[in-house]
Amino acid sequence: MYYFDFIWKRVEFKKLESMSGNLIKKGLMAILFFSNITYSASVIMGTRVVYPSNTNDVMIEIRNDSEEPSLIQAWIDDGDPKALPEQISVPFVLTPPISKINPKNSQFLRIMALPAAKQLKKTEESIFWLNVVDIPPKPKHSAGSQQNYMQISIRSRIKLFYRPSSISDDALHAAKKLKWMHRGEHLLVKNPTPFYISIPSVFQQDGHRMLDLVSSDGLFLKPHSEQKLSLQSTNMSNMRFISINEYGAKDEILIRIE
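In UniProt numbering, the protein residues as written are 1 to 258.
I should point out that these hints are in silico values taken from the structure, not numbers from a laboratory. Quantities reported herein were computed from a predicted structural model and do not represent experimental measurements. Where a beta carbon is used, it is the ideal one built from N, C-alpha and C, also for glycine. A few of these clues could be false.
Stated by the list, open to error - Restraint ranges, calculated between C-beta atoms of paired labels, are given here:
1. F108 x L211: 39 to 45 Å
2. P85 x V214: 28 to 34 Å
3. K100 x E185: 53 to 59 Å
Using the sequences plus the hints, can you model the full thing?
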């Protein structure tokens, strides 16, 4: 999931506020077309982080594939994407919180659990979020140049799972243990496992079409939870779902209705 933070330089916002809606749109489009744009290009090497409780730390690689240096800020939150880093209290420490990555180079972030992590649930996973904001450098202008520019910073936010060592189930096959039940106009899915399971799609066949019962936000099942999906057809055969596995890849699994 990505969040785009736009930082406009040399733009008079007071004038923009006095414009009508259409004029504001035209004004912003003019900025896009007649300004230099700088954007970030650092990438988190992975789509999720798993922190086993019996390990001292985990490392995450951030790679800068661009031709320019990049400045990144990283922090962990407990579920509120709007919370500021200085307002967050989580049982982890992340280092370095701010770092510069040279072109075509990598920076490794180190996450270590604090003693407070021992108070987390011991029978199922706990979830947190790793945030990385990538701020690109200012564009290079000739001396005395007054050229406008727009700087685009990209905030990446991926899941961080804290996994107790007491969990004996196999996380790689957790999605295959989901229970699917037909309940009138709904499909009920139960997660009997101690793991969080991400499901971007659930497909139901309608004639020659495959209908997706899941919204664009996807389906995210907490441990030992259940959710309902609205059916869009009476055909309950050949139903399938897509799950995100332990390595961030997609698995397609046949649904067996109970």
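Status of the hints after comparison with the structure:
Separated by about 43 Å at the C-beta atoms, F108 and L211 satisfy the suggested range of 39 to 45 Å. For P85 and V214, the hinted distance range of 28 to 34 Å is satisfied, since their beta carbons lie about 32 Å from each other. For K100 and E185, the hinted distance range of 53 to 59 Å is satisfied, since their beta carbons lie about 55 Å from each other.
In terms of the numbered hints stated before, the structure departs from none.
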